[in-house]
Amino acid sequence: MLVLSLLGSGWGWLRAEAALRQQLDLVIAGEAEGFLRDYEEFGLRGLAATVDAYARRRGPLLVVLLAPDGRAVAGRFPGGQGGAQPGLRGFAVMPAIAERPALRVLGARLAGGATLMVAADLTPVDRAASALAWTPPIAGGAAAVVALLLGFAAAARMERRLAAASDAAREVIGGDLTRRLPLSGRNDEFDRLTETFNALLGRIEALMVAQRQVTDDIAHDLRSPLSRLRQALEGALARPREAADDNEMLERALAELDAVLASFAALLRIARAESGVLQQGFVPVDLSALVADCAEIMGPVAEESGRALHPDIAPGLSLPGDAALLRQAVVNLLDNAVLHGGRHIMLRLLPGPVIEVEDDGPGVPVDQRAAVMRRFGRLDRSRATPGTGLGLALVAAAAQAHGGKLSLEDGAGLLVRLRLG
Amino acid sequence: MRILLIEDDATTAAYVAKGLREEGHVVDHAANGRDGLFLALGEPFDVIVTDRMLPGPDGLSIIRALRLANITTPILVLTALGEVEKRVEGLEAGADDYLAKPFAFAELRARIRALARRPAGPSAEQSVLTMGELRMDLLGRVVTRGARKIELLPTEWRLLEYLMRHPGQVITRTMLLEKVWDFSFDPTTNVVDVHVSRLRRKLDLPGEAPMLRTVRGAGYALGVP
Numbered sequence: 052m053l054v055l056s057l058l059g060s061g062w063g064w065l066r067a068e069a070a071l072r073q074q075l076d077l078v079i080a081g082e083a084e085g086f087l088r089d090y091e092e093f094g095l096r097g098l099a100a101t102v103d104a105y106a107r108r109r110g111p112l113l114v115v116l117l118a119p120d121g122r123a124v125a126g127r128f129p130g131g132q133g134g135a136q137p138g139l140r141g142f143a144v145m146p147a148i149a150e151r152p153a154l155r156v157l158g159a160r161l162a163g164g165a166t167l168m169v170a171a172d173l174t175p176v177d178r179a180a181s182a183l184a185w186t187p188p189i190a191g192g193a194a195a196v197v198a199l200l201l202g203f204a205a206a207a208r209m210e211r212r213l214a215a216a217s218d219a220a221r222e223v224i225g226g227d228l229t230r231r232l233p234l235s236g237r238n239d240e241f242d243r244l245t246e247t248f249n250a251l252l253g254r255i256e257a258l259m260v261a262q263r264q265v266t267d268d269i270a271h272d273l274r275s276p277l278s279r280l281r282q283a284l285e286g287a288l289a290r291p292r293e294a295a296d297d298n299e300m301l302e303r304a305l306a307e308l309d310a311v312l313a314s315f316a317a318l319l320r321i322a323r324a325e326s327g328v329l330q331q332g333f334v335p336v337d338l339s340a341l342v343a344d345c346a347e348i349m350g351p352v353a354e355e356s357g358r359a360l361h362p363d364i365a366p367g368l369s370l371p372g373d374a375a376l377l378r379q380a381v382v383n384l385l386d387n388a389v390l391h392g393g394r395h396i397m398l399r400l401l402p403g404p405v406i407e408v409e410d411d412g413p414g415v416p417v418d419q420r421a422a423v424m425r426r427f428g429r430l431d432r433s434r435a436t437p438g439t440g441l442g443l444a445l446v447a448a449a450a451q452a453h454g455g456k457l458s459l460e461d462g463a464g465l466l467v468r469l470r471l472g
Numbered sequence: 262m263r264i265l266l267i268e269d270d271a272t273t274a275a276y277v278a279k280g281l282r283e284e285g286h287v288v289d290h291a292a293n294g295r296d297g298l299f300l301a302l303g304e305p306f307d308v309i310v311t312d313r314m315l316p317g318p319d320g321l322s323i324i325r326a327l328r329l330a331n332i333t334t335p336i337l338v339l340t341a342l343g344e345v346e347k348r349v350e351g352l353e354a355g356a357d358d359y360l361a362k363p364f365a366f367a368e369l370r371a372r373i374r375a376l377a378r379r380p381a382g383p384s385a386e387q388s389v390l391t392m393g394e395l396r397m398d399l400l401g402r403v404v405t406r407g408a409r410k411i412e413l414l415p416t417e418w419r420l421l422e423y424l425m426r427h428p429g430q431v432i433t434r435t436m437l438l439e440k441v442w443d444f445s446f447d448p449t450t451n452v453v454d455v456h457v458s459r460l461r462r463k464l465d466l467p468g469e470a471p472m473l474r475t476v477r478g479a480g481y482a483l484g485v486p
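Protein chains in written order, with this note's numbering: chain X, 52 to 472; chain F, 262 to 486.
Since the hints were derived computationally from the structure, they do not count as laboratory data.
For every residue, glycine included, the Cβ atom is placed at its ideal position computed from N, Cα and C.
Take the hints with a grain of salt, since some may be wrong.
[Claimed, not checked] Restraint-style ranges between C-beta atoms, simulated for each label pair:
#1 F:P415 / X:A421: 34 to 42 Å
#2 F:R325 / X:S217: 38 to 46 Å
#3 X:A216 / F:N451: 54 to 62 Å
#4 X:G393 / F:L400: 36 to 44 Å
#5 X:G327 / F:E304: 38 to 46 Å
#6 F:D296 / X:A270: 33 to 41 Å
#7 F:E350 / X:D297: 38 to 46 Å
#8 X:A422 / F:E350: 32 to 40 Å
#9 F:P486 / X:D337: 39 to 47 Å
Next up, chain X with everything else stripped away, as it sits in the complex:
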């Protein structure tokens, strides 16, 4: 039994080490592919520059470019290239020498006999593998028996869980994006991995839904202006006409086309905000300054249209965010108030942070509030007012991107509340 246990643990160790090495090989191959792409694009000299830059930056891997005679042209291994075979192809292990640990190395032959070598330090892998190897033999025979039985049970259980996960993943690949991997409820490492994986699936689903939404919107709402444009051009072509008519018609067509393009740009921007990719570029934004700036720019616009903008901005508020998107959100809200509101517009920035725009216009009926926050959602009475019907949808997307929420409420007229974070 003890022998069996040792054999079992030895087998497990081999598996673990093999898995670790495989991981390492994947990382090495990935980097090497990047270098080879540079080589294809910029030639040997370009590659040499990239290799040197990489070596100077001290990336996680080691890289060297060898001339046919074995001399290093760019980059280097610590302690020298000793043992590096020019012309090496594929994976190999370079044993440790003074000052240099054992390396796992991938070689690629380039035209003209040069060799690119990408390598990783094997020490962490060896250390992890030996830690695994020495644990079981210390335990006594009884423990070994128990361990062995538990081991078999755990292996069988793990196999079942892996099979379930694999089935679920296959269904996702097959197109069922709502599918999630099952949790065992044990709250172990595997469950945590599953949760991460499910979160990933959630993101993918959200992205796909957003993309489908955009496609649908384009199909439905951009088709009518494009049809109008087409009819106008076709009609003009069919009629006998003067040069002056042409100019007027062409100018109208251009204006119509510009409106379509503006809608298109806004849709793409909304989709981007909804997709969640912006968060990676978030930087601290001085919200108080940003809102004050918008008030300063939009104040005169309100005035020219016979309205008054009253800003009330709490100082010192900031948040991690996308300044361009936030600026557009605030301006869209003020645009709406100027176009649809009454004589007074209140702009408030409150701790939270919360941005409020309140007007004393006719407001939006409760049952239509959700609709006007959607793409192309407009009240019937505003169809003649300029605008794409995408303004509030963008603000809603901006709110979502910043972990907040947009809501329409009763105020003097309409109160729009943009909660951020």
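On the provided structure of chain X, position chain F as indicated by the hints.
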């Protein structure tokens, strides 16, 4: 001017090149990144217009390579619609301006002029800008036209400073939105017109020769009357 156009889409390239040649510019066209980079490294140009997505090295790689080689030629990047955040990336790589496709030719023309004349215009450090009898003291925060003092709001100040740094050039609405107010979008309300007309009312009193002109279908230009 001698302009290098790096653009792989034949239709766009033909349209842009034809327009620029009609304006009297000499246009060299490269249809991929490799040729573009080669030309840009080897020959002197006044302005480089490059697409962002190109076969071979892309627009940003070209810009980085040129800047590394200490070539300071102004560069305008063209990009697909709706990629605002790419704008920042392009400017960080060393581009001078950014324009989304599809664009009006007038927009491209105005931007190329603004880039090309940059070295001749007032330098960034200059603290007093003058144009005819108009004088803008950036440190003292005083604007005068002849003997008359002009009071400006901060937004009007920024607008006037930008126009004075580009004397006589046509500046489009989009340029003002982007460069004066940092708006990467076009508001539904007539923000630009409101501020320009307010500035004009302060700048050009009745009886004075107008300095701030509207250029129909293109934008605005500030110049000596």
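Which earlier hints can't be squared with this structure?
Of the numbered hints given earlier, the structure breaks none, since each of them holds.
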